[in-house]
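2 protein chains.
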Amino acid sequence: MRWANAIPTPTEQLEIKRQAIIREAAQVFNRRGSHGTTLDEVAERLAVTKTALYRYVKNKNHLLYLCHKEAMDIAAQNMDIGEAEGQTGLEKIQIGMKGYLREMVGTMGVPVIILEEKALTGDEAKKIIAIRDTFETRMRKLVNEGVKDGSIVPINSKLAIFAMLGAVHWVTKWYSPSGVWTPEEVSDAMIELVTRGFAASPSKQLTADIHLAPMPQSTKHNN
Amino acid sequence: MRWANAIPTPTEQLEIKRQAIIREAAQVFNRRGSHGTTLDEVAERLAVTKTALYRYVKNKNHLLYLCHKEAMDIAAQNMDIGEAEGQTGLEKIQIGMKGYLREMVGTMGVPVIILEEKALTGDEAKKIIAIRDTFETRMRKLVNEGVKDGSIVPINSKLAIFAMLGAVHWVTKWYSPSGVWTPEEVSDAMIELVTRGFAASPSKQLTADIHLAPMPQSTKHNN
DNA sequence: TAAAATAGTGAACATTGAGTAACTTAAAAT
DNA sequence: ATTTTAAGTTACTCAATGTTCACTATTTTA
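Protein chains in written order, with the numbering used here: chain A, 1 to 223; chain B, 1 to 223.
Source of the hints: derived by calculation from the structure; they are not laboratory data. Be aware that a few hints might be false.
Identical chains blur together in the list; that is why a pair holds if it fits in one copy or across any two.
[What the hints assert, rightly or not] Below 30 Å or equal to it, Euclidean Cα-Cα: the simulated BS3-like pairs (lysine-lysine) are:
| no. | residue 1 | residue 2 |
| --- | --- | --- |
| 1 | Lys17 | Lys58 |
| 2 | Lys148 | Lys204 |
| 3 | Lys141 | Lys69 |
Small disclaimer: the values here were computed from a predicted structure and weren't measured.
Using the sequences and the accompanying hints, generate a full structural model.
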């Protein structure tokens, strides 16, 4: 093969570009909301015209679907890791969610989760909702597992995961990649904090770097 | 006075109607996002036409502003109560936020907080951001007060309040007034859970009704 | 009762933004 | 070199929706 396969094939290039579109679109969707996002803006960030996007995605709804799907996939992958590496229900959740949050605010660049009702339509909406429900069921099982193994206090699993997911998803609203906190620091500190809420034996002190640091942080959001 | 003032004056009626518009609009804004919300839908819920709304609000942006303002006012009022009744920083936060969340999902009917960047524009955006920053500063002071008085573990106050506000605001995404949980139950359980994350002496068990209940809850959202 | 203010309607207007069609250039294959 | 395919652009259509205007009905006031 020419160049020892260092050059992506046309098919690979297509996929690379599609990923770039998803990454940029996710950020705009997240900041402006799905209806507030124009394909013109997404295209502009990629330095192409709106119509060029249609070579890679079927339409706006499909693009929104791909963004959600990407986030769900990242979540699932990290929960796989959590389940493999964690010993207790609590640890599995902590490891999985730390990885998920880190990728959300880091690699993927603060993307979307906010589900505006009816923003996604048709079959694509059904698929995403199905995936999301599966994910939430999985999380709830881990909570219940933690209650059984004694790592988590008796708690309503629905409330527990919604509290955690709320705090986690909210991060994408205020986190700024140009700020002083790295994705790693934020996710460590945030997950330590939220899971302490239902840990059976909460630590006396918080140990994540951010909590130990002395300085005051601005309260400013990104807007 | 006729009817012993039982009949609202024209000026009062105007304000009553404006409140009704805000209440309905807030729910739609919250579910559909600001850009996804049409004035037609808001009007339809009130059984009037779109144009009628313009007698009560300047334009869509102004209506969005009023919704945010309403939420901020409710938050501030409840924090006043929290500061008056709570003994420690932790208690002040717990009392205040419980009241806020209860009103959000109850009386006001699950309204908006989601700030889509640029959804609000101009002076109105500036005002809301200023109010929000004031609120967050207030919350952070209470966290620091709690750390000083020993009710809260040493913690980064920004992270603490954003975790809490994330969990709290997320409730408006999944709470259904037609479900089995009352606003009271949800807010008690949620605030107990999230504040336990930074309490200096976390309880061994959760005491809110929802956590004690045995049955499994559906994971279904409202969409 | 007549006049004036209030509350609301329906039609029209202007703008925005998703999606399409025809054309242009660049790259690849034969 | 010529043809074919890929990638992208410009110019357009069309639907949705915020906003305004002119008009009607209703209520209040004088």
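- List in ascending order the numbers of the hints, as given earlier, that are violated by the structure. The structure conflicts with no hint, since it agrees with every one listed earlier.
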